[in-house]
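*Asks:* Sequence:
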Amino acid sequence: MWYIVVSSNPNPQSDTPELSHLSWPAMKPNARKYLRIGKDFSIHENLFEERFRVWEELYPLPQ
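Residue numbering for the sequence shown follows the numbering used here, beginning at 1 and increasing consecutively.
Since the hints were made in silico from the structure, they are not lab data. Small disclaimer: the values here were computed from a predicted structure and weren't measured. One should not assume that every hint holds.
What the hints assert, rightly or not - Label-pair distances were calculated between CB atoms; the ranges are:
1. V54 with M27: 38 to 46 Å
2. P17 with R53: 34 to 42 Å
3. W24 with Y59: 20 to 28 Å
Stated by the list, open to error - Calculated pairs, EDC-like style, for lysine to aspartate or glutamate (alpha carbon to alpha carbon, straight line, at most 16 Å):
4. K28 with E49
5. K33 with E50
6. K28 with D15
7. K33 with E49
8. K33 with E18
Ideal placement from N, C-alpha and C gives every residue a C-beta, glycine not left out.
Make a model of the complete structure from these sequences and hints.
*Replies:* Here's what the structure looks like:
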């Protein structure tokens with residue numbers, strides 16, 4: 001995970017075989033992708049979507 005801070009790129013280097021299958025896409029307003037860290041690493045979408053929706057309704061971002 002330190003690699004993200006150093007390179008500003010969340011995708012692991014090829015010398016990390018445990019993470020070589022991951023491709024962490026950029027975040028977009030309509031597709032909030034996140035990395036689930038557990039026994040295995042996996043990419044998922046829209047964590048806590050209901051919470052985001054409340055804040056977006058209260059404070060909409062300019063388009």
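*Asks:* Let me make sure I understand: some of the numbered hints might not hold for this structure. Which ones are they, in numerical order?
*Replies:* The structure conflicts with hints 1, 6 and 8, although it agrees with all the remaining ones.
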